[in-house]
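In order, the protein sequences belong to chains S and B. The first sequence begins at 3 in our numbering and counts up by one. The second sequence begins at 14 in our numbering and counts up by one.
Since the hints were made in silico from the structure, they are not lab data. C-beta: ideal position from N, C-alpha, C; glycine also. Treat the hints with care, since some could be wrong.
[To be verified] With a straight-line Cα cutoff of 25 Å, these simulated DSS-like cross-link-like pairs (lysine-lysine) come out:
#1 S:Lys70 <-> B:Lys540
#2 B:Lys278 <-> B:Lys349
#3 B:Lys398 <-> S:Lys70
#4 B:Lys540 <-> B:Lys579
#5 S:Lys60 <-> S:Lys78
[Unchecked claim] If you want a taste of the chain S side facing chain B, the calculated C-beta under 10 Å gives, among others:
#6 Leu4
#7 His29
#8 Gln38
#9 Val39
#10 Lys78
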Amino acid sequence: MLAVFLLYTSIAGGGTPVVRPSQLANHHGRVSLMGQVVGTPSGDAHAGGKRFRLRDVKGAGTVTVVYKGSVPDLFKTGNDVVVDGRLRNGVFVAVPNTLVTKCPSKYAPKR
Amino acid sequence: MADLGRAALVTSFLLLLYALVGGSLGAWKGRRRLAESAQNALLGSFAATVVATAVLLGALARHDFSFQYVADHTSRELPLGYTLTAFWGGQEGSLLLWLLVLSGYSVAAVLTSRRVDREVLAWVVPTLALVGTFFSLLLVFVASPFATQAAVADGAGLNPSLQNPYMAIHPPMLYLGYVGLTVPFAFAMGALLARRTDERWIVATRRWTLAAWAFLGIGQLLGAHWAYVEIGWGGFYAWDPVENAALMPWLAATAFLHSVMIQEKRGMLKVWNVLLVVLAFGLSLFGTFLTRSGIIQSIHSFTQSSIGPWFLGFICLITAGSLTLIFARLPLLRAKTRLESLVSREATFLYNNLLLVALALTILWGVVYPILSQAVTGQAATVSKPYYNFFLHTFGIPLLLLMGIGPLVAWRRASLRALGRTFLWPLAAAVIAGAALLAAGAGSSRIGVIAYTFSVFVLASIALEFARGTAARKALGGLGWAGAFSSLIARNRRRYGGYVVHASVVLLAIGITGASAYQTVRESRLKPGQSMTVAGDRLIFRGFQSRMESNHRAIRALVDVYRGDKYLGRYRPGKNQYFAEDQVSNEVSIRHDLLTGGDLFLIADQVNSDGSVDLKALQKPLVNLLWLAGFVFVGGALIALWPDAREERRLAERYAGAAVRA
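Just chain S, with the same shape it has in the complex:
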């Protein structure tokens, strides 16, 4: 059992790094990008691709993301999302259908 496990992990490597927009410059392979949607998203996720900016959840670094595929219900400006992909020429090109919204840590109701 252990052998199977070790064999798999040694071949498949150690998982996908989870990074913030400000850390992107140091990663050239596929990563999971986590950030907060800022500004107004534009474009069509089912045609040319949806474009939106992600900012560090706590911080200042931002990056533009181009994404194609299903967009989750909770995707909107101000929410945290995670999306897989890689940086190409300063734009984060997302893997289709990998966008997930991370629920706000607390479902923050208006008080």
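Starting from the known structure of chain S, arrange chain B on it as the hints suggest.
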């Protein structure tokens, strides 16, 4: 009223603390009166917890917004049903539910096993009290559901995604499962502490383990169905940490349910069994910790809070304490017999155990990987679906096969000739099914053909077992086929209940395989009048329909479905736009085909301003067997759980004899 709730929780905490300290002392010094008073304190803590629960439910029902908890999780316009289920919608309430269920289980377990070994029970009480003390401590000092504030005019409301009928049933089921695993843990520790390492603690807790395990299983299936019909991405399980949190203890408990049979029959695997029960309980605590600490990123939204370190500390305490205890009692846990052959019933149980535990541990590795990689390399990394799928295939497919082999292999040692005879029919059925599948074009997925061939093998061997047993019963005379069949089950509830559960797992495997390996997905942008096809069905988009509801606008894409020339009906996938929450929710439309067991799953992925729709259509063959499996699972678990007077008598005689000999 909040004062009453607080007082009830403090009372419960003090009683549990007394049951822990007094009970330990009583058991250690052998003082019967003290041990009995600890038992009574445990019963009293249940009563106090019930009072606290009633206070919170009352506050919810009255919309008493001077309770912070009520104000944070409900609002005036929330229907009464959801207002009450908000009891477990937040952290404090769900901790209270934990304590309520735990003290309820404690009372039931103590009352029903008073005639079990007194010395074991004397130690069971403080062990249960230890866990209870931890939760009541959190409720009194860290996360009180009775915090008050100046009453506000209206509450914040319940997260819309929790306003679903499943909210009433899914979390309580999971809690009944998680918490129920405390009972076998407490009895195992009690037996070790009392130095009674025979299998009596196993017999005493078999039903509790079985019940907890069944609740956990049902809870997960309900969650899967909730995700399937509501969340609208077309799946039912996403290897999300919170889902895994429930799956891991279930796998460990499944392993435990099997390996205890070897200890009962052959006196083997004693150390393994206590380790498994510690693992199952530890994983259930870990699951609660995961869902409540927000330490791992999950699609589930949970309050991030200060209770994480408390939980981690408690898990470490429980693990270290029980492992030390097991180590100290190792000499008492030596097996009476050895494994005689690698081809025997016990050996197949052993393989099944190794596979189940390996699966649980690889999932655990995947869940904690982000934390570990962060700690080791400073860079968090996650493992994703391929990782989990790989191990599900590697360990799950052999498990499926073992379900067909195990029940047919003899105890102790099986001869090759006997094996050939036993497996002739199931093997023949499997080979025919495999050939038929390949001929029908199922070879597109190798793993699918393997899974289905094995499934047929298992179903055939289960059917064979039932047929043989019934024939043997009928040969005894006096009964017709139906009578022989029901008497067969009634006389061996455990065994045949187990086979029914096996059948449900096969159905589950068939459903999952159909929905994943043989799924067809098509996406297309359609203008009104345009059509697309998905696995033989033609979908024609007829345009949108929009309707205003009280709190949302419902947009529906009208889709006519044809198979060949036959009109199958109009389906309406769409979206709801909620005004107040400024939130969109996907409303899928599913066409169930009861004849083939498959689903046509329609998602209006994007509604475009030019009147077109991005339609996503999924054909999921046989997926409904997955939900059917749920019903079969409940049936099998009920058969195995049903009280059996004959078995009780047999056990009573056996242990009366053992006590005399000892």
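Hints, one by one, checked against the model:
1. S:Lys70 <-> B:Lys540: Holds, at about 20 Å.
2. B:Lys278 <-> B:Lys349: Holds: Lys278 (chain B) and Lys349 (chain B) sit about 11 Å apart, inside 25 Å.
3. B:Lys398 <-> S:Lys70: holds (20 Å)
4. B:Lys540 <-> B:Lys579: OK: Lys540 (chain B) and Lys579 (chain B) at ~22 Å, within 25 Å.
5. S:Lys60 <-> S:Lys78: holds (18 Å)
6. Leu4: With Cβ-Cβ at 8 Å, under 10 Å, it holds.
7. His29: It holds, given that the least Cβ distance between His29 (chain S) and chain B is near 9 Å, below 10 Å.
8. Gln38: At about 14 Å, which exceeds the 10 Å cut-off, the nearest Cβ of chain B leaves the hint on Gln38 (chain S) violated.
9. Val39: Constraint on Val39 (chain S) not satisfied, violated at 14 Å.
10. Lys78: Since the shortest Cβ distance to chain B is 8 Å, the answer is holds.
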